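Q: Could you slot chain B onto chain A? The hints should help.
One-letter residues, chain by chain:
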Amino acid sequence: MKNVLDRNKNKANEVRNLLKEKGVLMVNMISSPGAGKTTLLEKTLGKLKDRYKLAVIEGDIATDRDAQRLKDHGVPIVVINTEGGCHLDSHSISKVLPEFDLDNLDVIFVENVGNLVCPSHFDLGETFKLALVSTTEGDDKPIKYPMLFREAKVILLNKIDLIEYTNFNKSSFNKDLNNVNGKVPLLEISCTQNIGMEKWYDWIINQIISK
Amino acid sequence: MHELKIAEELIGIIIEVAESENLKKVTKVNIQFGKMIQIVPDIFEFVFESAVKGTLAKNAKLKLEILPVVFVCNKCKEEAEIDDLFFVCPRCGSNDLELIQGRETIIESIEGEKNTNSQKLIAKA
Numbered sequence: 001m002k003n004v005l006d007r008n009k010n011k012a013n014e015v016r017n018l019l020k021e022k023g024v025l026m027v028n029m030i031s032s033p034g035a036g037k038t039t040l041l042e043k044t045l046g047k048l049k050d051r052y053k054l055a056v057i058e059g060d061i062a063t064d065r066d067a068q069r070l071k072d073h074g075v076p077i078v079v080i081n082t083e084g085g086c087h088l089d090s091h092s093i094s095k096v097l098p099e100f101d102l103d104n105l106d107v108i109f110v111e112n113v114g115n116l117v118c119p120s121h122f123d124l125g126e127t128f129k130l131a132l133v134s135t136t137e138g139d140d141k142p143i144k145y146p147m148l149f150r151e152a153k154v155i156l157l158n159k160i161d162l163i164e165y166t167n168f169n170k171s172s173f174n175k176d177l178n179n180v181n182g183k184v185p186l187l188e189i190s191c192t193q194n195i196g197m198e199k200w201y202d203w204i205i206n207q208i209i210s211k
Numbered sequence: 001m002h003e004l005k006i007a008e009e010l011i012g013i014i015i016e017v018a019e020s021e022n023l024k025k026v027t028k029v030n031i032q033f034g035k036m037i038q039i040v041p042d043i044f045e046f047v048f049e050s051a052v053k054g055t056l057a058k059n060a061k062l063k064l065e066i067l068p069v070v071f072v073c074n075k076c077k078e079e080a081e082i083d084d085l086f087f088v089c090p091r092c093g094s095n096d097l098e099l100i101q102g103r104e105t106i107i108e109s110i111e112g113e114k115n116t117n118s119q120k121l122i123a124k125a
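One line per chain: the protein sequences are A and B, in this order. Under the working numbering, the letters of the first sequence match residues 1 to 211, in that order. Under the working numbering, the letters of the second sequence match residues 1 to 125, in that order.
Simulated from the structure, these hints should not be mistaken for laboratory data.
Listed next, the stretches of chain A that the computed footprint assigns to chain B, with coverage defined by at least 3 CB atoms under 8 Å from CB atoms of chain B:
hint: 1; stretch: 75-87
hint: 2; stretch: 115-126
Quick list of in silico lysine-lysine cross-link-like pairs, DSSO-like style, CA-CA up to 27 Å:
hint: 3; chain 1: A; residue 1: K2; chain 2: B; residue 2: K25
hint: 4; chain 1: B; residue 1: K114; chain 2: A; residue 2: K2
hint: 5; chain 1: B; residue 1: K5; chain 2: A; residue 2: K2
hint: 6; chain 1: A; residue 1: K183; chain 2: B; residue 2: K75
hint: 7; chain 1: B; residue 1: K75; chain 2: A; residue 2: K144
hint: 8; chain 1: A; residue 1: K9; chain 2: B; residue 2: K5
hint: 9; chain 1: A; residue 1: K2; chain 2: B; residue 2: K63
hint: 10; chain 1: B; residue 1: K5; chain 2: A; residue 2: K95
hint: 11; chain 1: A; residue 1: K153; chain 2: B; residue 2: K77
hint: 12; chain 1: B; residue 1: K61; chain 2: A; residue 2: K2
hint: 13; chain 1: A; residue 1: K175; chain 2: B; residue 2: K77
hint: 14; chain 1: B; residue 1: K63; chain 2: B; residue 2: K24
hint: 15; chain 1: A; residue 1: K175; chain 2: B; residue 2: K75
hint: 16; chain 1: B; residue 1: K24; chain 2: A; residue 2: K2
hint: 17; chain 1: B; residue 1: K5; chain 2: A; residue 2: K144
hint: 18; chain 1: B; residue 1: K5; chain 2: A; residue 2: K11
These numbers were taken from a predicted model, which means no experiment stands behind them. For each residue, glycine too, the CB sits at the ideal point set by N, CA and C.
One chain only, chain A, in its complex shape:
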């Protein structure tokens, strides 16, 4: 018996071993379009770039608009245009890694293509997956996309400042999330209003320290 995704898995393991050897943490950021991945990155780069050596891989179906938003931070950014593809894979990551000076990096943030289904099935060789959801998307995401919420090491619930304008039911969200993955930490944040961000920075710094 053969695994259909063996090729992706093998390349992902190569990437993972290389990053481990170089002491680089890779965060695979997965969310719907518009949940706030790029804004989260803008804030996180701004906060951590003086303390740690950071880099970004921007996965986008087309354009380099997200990369343009991040370039003022002066960290190395590589764009992967999937040209219609709805997720990144380990081969595309492996191809761009030589563009970074891995001996001189602490973290690579990978902004995956906005999509909750497909990216969760393709191992990139990341250290862990991060799932970002926002209150404006509705509270039913954990139960509809169990693979992602099961696999993520941390869940960020963004746009918490807007919750009163939506029909997002927090107790229903928490209950579903608890049923899909009872162990994963959930951080409530608002990137634009700087709510809960210190907890997120503490969490990611902890991951960097213990990498």
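A: The following block gives chain B in isolation, referenced to the frame of chain A:
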């Protein structure tokens, strides 16, 4: 649409196996996906048919089986199958579960005809 990428990977493996087994054509592919992979069979069959065009698997029949999610409860050791993707042990209510089935993307076997004669061959992938 991760179906497309998975179908492309599958066809890559079919062609590799067909070449190494010296097949002139592939007649059937037996494949299993875990329910967690969230493959839509109709979409997968459609993209598979489109992607095998022009290859020696162009007339291959696809047999696709979706495997249910099965877990072992870390608390009471119950082994159970779940339908609704609510990860709660039906025996003790715990959500501390170890998935033992449901994330597979397996090629069980590839069937075809040998180049040398028309003898039927089932290659265990």
